[in-house]
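Undergrad: Just so you know, we're using my numbering here: the sequence shown kicks off at 1 and counts up by one.
Simulated from the structure, these hints should not be mistaken for laboratory data. Careful: at least some of the hints might be erroneous.
Claimed, not checked - List time: in silico EDC-like cross-link candidates among lysine to aspartate or glutamate, alpha-carbon distance up to 16 Å: (1) 452 x 58; (2) 285 x 254; (3) 80 x 335; (4) 80 x 111; (5) 424 x 111; (6) 80 x 109; (7) 377 x 356; (8) 101 x 138; (9) 417 x 356; (10) 162 x 123; (11) 157 x 124; (12) 127 x 144; (13) 370 x 58; (14) 127 x 93; (15) 380 x 364; (16) 403 x 364; (17) 370 x 393; (18) 377 x 210; (19) 363 x 381; (20) 212 x 356.
All values derive from a computational prediction rather than experimental measurement.
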Amino acid sequence: MEQDMKTTPLSSLETEAETKESFRQNASFDEKILLVEGIFSTYSDDHDIKKMTRGKIENMLYAAKDEYSYLEPDLHLGRKAINQWIWRHMATETIPLEFFKEYLQSIIDIDAWYYYQEYKTVEEVIKLAGAFFQKPIENLLLDDIVSQALWIEVSSKVSSSKIQRILSYVRRHCAVEHSIVKPPLMSTAHSKQREVHPRVRSFIEKTIKEGKTKSTQEYHSVHLNRLLNWLSNNIHIFKDIEAHQLPLLKVTKEHLIGFHSYLTKQVRHGRYSPITASECIYSVKAFFQYLKKSFGYPNPAFRLRSISAPRYRHREIPDKQQIYDFFRTVDKYSDNPVLERTAFRLMLDLGMRSNEVSVVSPKDIHINHKTITIHSKGGKEHVLPLSERLFVDLQIISNEYPKTQYLFGESPKKIQKTLWQNYKLYALIAGWSFPGGLHLFRHSFVTRLANKGPLPQAMQVLARVTNLDTVSLYVHFNKLELTREINKLKYD
1 MEQDMKTTPL SSLETEAETK ESFRQNASFD EKILLVEGIF STYSDDHDIK KMTRGKIENM
61 LYAAKDEYSY LEPDLHLGRK AINQWIWRHM ATETIPLEFF KEYLQSIIDI DAWYYYQEYK
121 TVEEVIKLAG AFFQKPIENL LLDDIVSQAL WIEVSSKVSS SKIQRILSYV RRHCAVEHSI
181 VKPPLMSTAH SKQREVHPRV RSFIEKTIKE GKTKSTQEYH SVHLNRLLNW LSNNIHIFKD
241 IEAHQLPLLK VTKEHLIGFH SYLTKQVRHG RYSPITASEC IYSVKAFFQY LKKSFGYPNP
301 AFRLRSISAP RYRHREIPDK QQIYDFFRTV DKYSDNPVLE RTAFRLMLDL GMRSNEVSVV
361 SPKDIHINHK TITIHSKGGK EHVLPLSERL FVDLQIISNE YPKTQYLFGE SPKKIQKTLW
421 QNYKLYALIA GWSFPGGLHL FRHSFVTRLA NKGPLPQAMQ VLARVTNLDT VSLYVHFNKL
481 ELTREINKLK YD
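Start from the sequences and build out the full structure, keeping to the hints where you can.
TA: In structure tokens form, the structure reads like this:
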């Protein structure tokens, strides 16, 4: 292996002995190589995992030099211009009533994210009114919006406080002209908070302390409430007990097997997707394992069978032009373009998750070695090389920005929230219609790696996943790329 590395031409970044040592593979790594060909073809020993040099790693990690471009300083408009963009390109075209246009124009100086949310709320109110009165939204009148009938309909069926507030605002401002009575309070059915079992609440609090995402917390909560409601409605000994008061010590393995059968039947009849049922069982097992560890409860979910489900879901991945448009938008509308494009590029070029980006600190950037330390799941640390524009921008941040505990903000939660909100705004302006959020960058990262044809083991290491199978969940070839790969196959 040492001989191979010496005969392979090194990149300019490998001239430092310490840096080269950081990327030398160890003996245990060699043992992970499978003896079969990977799902992606290898064209030469450039992808031999035993000959992996820093130059080859960089070639796989980073895009071509011309994939991104940056704006001239005189084209920078800043965050305040986002509201003007939303007004010109969205509000004036999709909001038919002058009253709402005047309202959106009057608040145009608020923060961009809240302005966008207010626009979306106004749009939703108009759509609700159109559906209620069964007429095109361009034919709606202000009388329709302030009508008592619409107010009662929305109050009884829509729980969104934003929509309630907008309707209340319209009615207040039109009360004199239309002689409208004071709007009723929001219905108690929606204002009352759902009761949560105290043990479920403590389990969710544990996931919060562990840094789990909000979506993870929510699906645990939904799945566990589904279990408790099913027990309350279907098990005789629980029939007179509210779901949030269920005595969990009385839950047996037979009860959970019955719930398992119920989920399987729901999947068979198309009411639940296989993934929903699979995640539900996972939440149940995790919950009772937590009760066993924290409170000494018996674990009725021990050896409860899982429900298998296909984990792969195809995603459309942005192409080079779309990526260019996104970063062009960041440079044009961000108040801190260097900081924000660096955060997004860490996700795109190195496959970092948003929670990993949120905890990057100045000490994780090793300017002399041109590397970054990534703090991953389970307390693991990974070191990857920095190259080209990403390295230059991190240099600027290290030299010109004040030293703080975290590189991109005050706290990890606030950093993640801000990145997600700003991503949504920039994607909107760039014309992206991809569903989901920041994790799209990680999917793009792995797909781009796959397009370069490395061994799956190399992709596993660079994507920083434990199981080789997980790599395939992130690879999304479009039809053209898939056809290209199929055409490479040779048949006897």
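Undergrad: Work down the list of hints and note, for each, if the structure agrees.
TA: Each hint, compared with the structure:
{"no.": "1", "hint": "452 x 58", "verdict": "12 Å, holds"}
{"no.": "2", "hint": "285 x 254", "verdict": "14 Å, holds"}
{"no.": "3", "hint": "80 x 335", "verdict": "9 Å, holds"}
{"no.": "4", "hint": "80 x 111", "verdict": "7 Å, holds"}
{"no.": "5", "hint": "424 x 111", "verdict": "14 Å, holds"}
{"no.": "6", "hint": "80 x 109", "verdict": "7 Å, holds"}
{"no.": "7", "hint": "377 x 356", "verdict": "9 Å, holds"}
{"no.": "8", "hint": "101 x 138", "verdict": "13 Å, holds"}
{"no.": "9", "hint": "417 x 356", "verdict": "13 Å, holds"}
{"no.": "10", "hint": "162 x 123", "verdict": "12 Å, holds"}
{"no.": "11", "hint": "157 x 124", "verdict": "14 Å, holds"}
{"no.": "12", "hint": "127 x 144", "verdict": "12 Å, holds"}
{"no.": "13", "hint": "370 x 58", "verdict": "11 Å, holds"}
{"no.": "14", "hint": "127 x 93", "verdict": "14 Å, holds"}
{"no.": "15", "hint": "380 x 364", "verdict": "14 Å, holds"}
{"no.": "16", "hint": "403 x 364", "verdict": "12 Å, holds"}
{"no.": "17", "hint": "370 x 393", "verdict": "12 Å, holds"}
{"no.": "18", "hint": "377 x 210", "verdict": "10 Å, holds"}
{"no.": "19", "hint": "363 x 381", "verdict": "13 Å, holds"}
{"no.": "20", "hint": "212 x 356", "verdict": "12 Å, holds"}
Violation of the numbered hints given earlier is absent; every hint is satisfied by the structure.
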